[in-house]
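Peer 1: Residue numbers (the working numbering), protein chains in the order written: chain U, 1 to 117; chain X, 1 to 112.
These are calculated hints, taken from the structure and not from any lab test. Glycine is no exception: its CB is placed at the ideal position from the N, C-alpha and C atoms. Do not rely on the hints blindly, as some may be mistaken.
Claimed, not checked - Reference excerpt, derived from the structure (chain X facing chain U, CB under 7 Å, subset only): (1) Gly42; (2) Leu45; (3) Ala101; (4) Phe103; (5) Gly106.
To be verified - Cβ-Cβ distance ranges computed for the label pairs, FRET-style: (6) Thr30/U <-> Met39/X: 31 to 41 Å; (7) Glu26/U <-> Ser7/X: 32 to 42 Å; (8) Arg64/X <-> Asn58/U: 39 to 49 Å; (9) His10/X <-> Arg112/U: 21 to 31 Å; (10) Thr20/U <-> Asn52/X: 39 to 49 Å; (11) Ile60/U <-> Met15/X: 43 to 53 Å; (12) Asn58/U <-> Ile97/X: 21 to 31 Å; (13) Asn71/X <-> Ala81/U: 43 to 53 Å; (14) Ser100/U <-> Asn71/X: 20 to 30 Å; (15) Val24/U <-> Asn71/X: 39 to 49 Å.
Said to hold, decoys possible - Reference excerpt, derived from the structure (chain U facing chain X, CB under 10 Å, subset only): (16) Tyr33; (17) Tyr37; (18) Ser100.
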Amino acid sequence: AQKVTQAQTEISVVEKEDVTLDCVYETRDTTYYLFWYKQPPSGELVFLIRRNSFDEQNEISGRYSWNFQKSTSSFNFTITASQVVDSAVYFCALSEARLSGNTPLVFGKGTRLSVIA
Amino acid sequence: DAGVIQSPRHEVTEMGQEVTLRCKPISGHDYLFWYRQTMMRGLELLIYFNNNVPIDDSGMPEDRFSAKMPNASFSTLKIQPSEPRDSAVYFCASSFISREAFFGQGTRLTVV
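Kindly produce the complete structure, drawing on both the sequences and the hints.
Peer 2: In structure tokens form, the structure reads like this:
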């Protein structure tokens with residue numbers, strides 16, 4: 001069965017600090033997809049990134065970077081030089097590939113990030 | 001594209017009343033999902049459709065919950081009768097060929 005664990009419930013940092021959000025996943029499949037979503041105080045869920053299990057290359061997008069390590073079943077998310085606007089709940093999610101279509105997203109419990117000015 | 005559109009944004013109803021939540025997915029998407037978010041249980045899948053056909057409704061908590069997708073551009077989630085424990089934020093999401101899902105802004109349901 002698929003499972004996503006975000007052990008950090010809440011993190012608080014001072015603006016301009018770097019912060020890493022941890023995500024550990026469980027799956028028996030060899031083909032799967034990992035995701036990160038952001039939920040700002042306004043409540044919507046915003047898609048940030050999708051990675052497939054065959055691509056372990058790290059990805060950088062502006063101040064955001066993602067580190068995918070299959071050996072440790074982790075897909076961690078780092079925000080460099082954090083800003084107040086980064087304050088949100090961040091969710092990691094997993095979907096397994098099927099011939100009939102990928103399984104729906106299974107989410108972790110989320111990490112609430114507070115960036116203090 | 002306007003994104004996934006949900007209505008209403010907020011709903012307050014009395015216990016025992018029928019509640020209908022509505023969703024318009026992104027045009028061209030073939031998957032539609034209904035999720036519920038609560039503090040205790042986080043984000044949990046209720047049901048999902050592929051090409052308007054329900055694929056898995058095992059997440060629907062009770063027979064009081066039902067969902068329909070009469071066409072590719074509209075879906076409803078109905079709770080009848082509603083109970084206070086149904087209070088939550090209900091999200092609709094859609095995706096294309098089961099890639100990343102795009103979420104609506106959610107409906108915050110309060111049952112008093």
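Peer 1: Against each hint, give a clear statement of whether it holds in the structure.
Peer 2: For each hint, the structure was consulted:
1. Gly42: Hint holds; Gly42/X Cβ to chain U Cβ min 5 Å, cut 7 Å.
2. Leu45: Hint on Leu45/X: holds, closest Cβ of chain U at ~5 Å, below 7 Å.
3. Ala101: 6 Å, holds
4. Phe103: With Cβ-Cβ at 4 Å, under 7 Å, it holds.
5. Gly106: Since the shortest Cβ distance to chain U is 6 Å, the answer is holds.
6. Thr30/U <-> Met39/X: 31 to 41 Å: 35 Å, holds
7. Glu26/U <-> Ser7/X: 32 to 42 Å: Given about 36 Å between the Cβ atoms, the range holds.
8. Arg64/X <-> Asn58/U: 39 to 49 Å: Given range 39 to 49 Å: holds, Cβ gap about 46 Å.
9. His10/X <-> Arg112/U: 21 to 31 Å: Given about 22 Å between the Cβ atoms, the range holds.
10. Thr20/U <-> Asn52/X: 39 to 49 Å: About 41 Å separates the Cβ atoms of Thr20/U and Asn52/X, which means 39 to 49 Å holds.
11. Ile60/U <-> Met15/X: 43 to 53 Å: 50 Å, holds
12. Asn58/U <-> Ile97/X: 21 to 31 Å: Holds, at about 26 Å.
13. Asn71/X <-> Ala81/U: 43 to 53 Å: 47 Å, holds
14. Ser100/U <-> Asn71/X: 20 to 30 Å: 22 Å, holds
15. Val24/U <-> Asn71/X: 39 to 49 Å: 40 Å, holds
16. Tyr33: Holds, because the Cβ-Cβ distance from Tyr33/U to chain X comes to roughly 8 Å (cut-off 10 Å).
17. Tyr37: 8 Å, holds
18. Ser100: 8 Å, holds
When the structure is compared with the earlier hints, no violation turns up for any of them.
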